[in-house]
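Can you make the complete structure from the sequences, with help from the hints?
Line by line, the protein sequences are chains A and B.
Quick note, this note's numbering runs 11 ahead of the 1-based positions in the first sequence.
Quick note, this note's numbering runs 1 ahead of the 1-based positions in the second sequence.
Possibly wrong hints are sitting among the right ones.
[Stated by the list, open to error] Mimicking SDA-like on lysine to any residue, the simulated pairs with C-alpha atoms at most 20 Å apart in a straight line are:
1) B:Lys39 to A:Glu55
2) A:Lys14 to B:Thr14
3) B:Lys39 to A:Gly21
4) B:Lys45 to B:Ile98
5) B:Lys45 to A:Tyr43
6) B:Lys45 to B:Asn57
[Said to hold, decoys possible] Here are a few chain B residues that sit away from chain A, every Cβ distance over 12 Å (derived from the structure):
7) Gln15
8) Leu84
9) Gly85
Note that these hints are calculated values from the structure, not bench results.
Glycine residues also receive a C-beta, built at the ideal position from the N, C-alpha and C atoms.
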Amino acid sequence: AQKITQTQPGMFVQEKEAVTLDCTYDTSDPSYGLFWYKQPSSGEMIFLIYQGSYDQQNATEGRYSLNFQKARKSANLVISASQLGDSAMYFCAMSSPGGANNLFFGTGTRLTVIP
Amino acid sequence: DAMVIQNPRYQVTQFGKPVTLSCSQTLNHNVMYWYQQKSSQAPKLLFHYYDKDFNNEADTPDNFQSRRPNTSFCFLDIRSPGLGDAAMYLCATRGSITDTQYFGPGTRLTVL
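Right, here's the structure in full:
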């Protein structure tokens with residue numbers, strides 16, 4: 012069975028600084044996908060970044076990068092140059108293989124950016 | 002812009018009064034999902050459609066039903082809402098050759 016763990020219920024970061032949000036996962040499947048989503052207070056779940064289990068390079072999307080350490084089963088999100096608009100809930104998720112590709116979510120980390 | 006749309010954004014219903022939430026997409030994705038998210042919790046998958054094939058999660062209550070009349074639209078019917086069904090309901094879609102799910106803005110349901 013798949014499991015996603017986010018151990019940081021809340022994080023604070025100074026504006027313009029970088030922050031790392033932790034995510035570890037557990038699965039016995041050799042093929043899987045790892046995702047990060049941002050959920051502002053409005054409720055919409057916004058896709059940020061994706062890492063496939065066979066990808067050799069760490070994924071990057073603008074100010075977001077995913078630090079993928081396969082042997083440690085970790086997929087931490089790094090946000091560089093934090094902005095006030097980054098304040099939100101962040102969810103790490105993993106997809107299961109097969110036709111449905113269902114997502115398993117972690118419990119989330121609430122990030123607050125301080126001016 | 003291609004997107005996932007949910008209507009209404011906010012829905013208030015009375016205890017036991019049936020309610021329908023709608024989701025539409027312009028992405029032409031094969032797969033559509035419905036999630037329930039209660040306050041301060043992670044989203045929980047209720048069911049999904051792969052094209053016309055309906056797949057119910059084992060722990061989804063019978064009170065929740067879904068319809069997908071065509072590729073673009075998917076509906077969530079709650080036959081007799083209880084106070085415990087108050088939540089954010091999120092619709093998501095995925096193309097058949099990608100892993101990424103794209104979410105709509107959600108419908109926040111209040112049960113009085």
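Checked against the structure, which of the hints given earlier come out wrong? 2, 4
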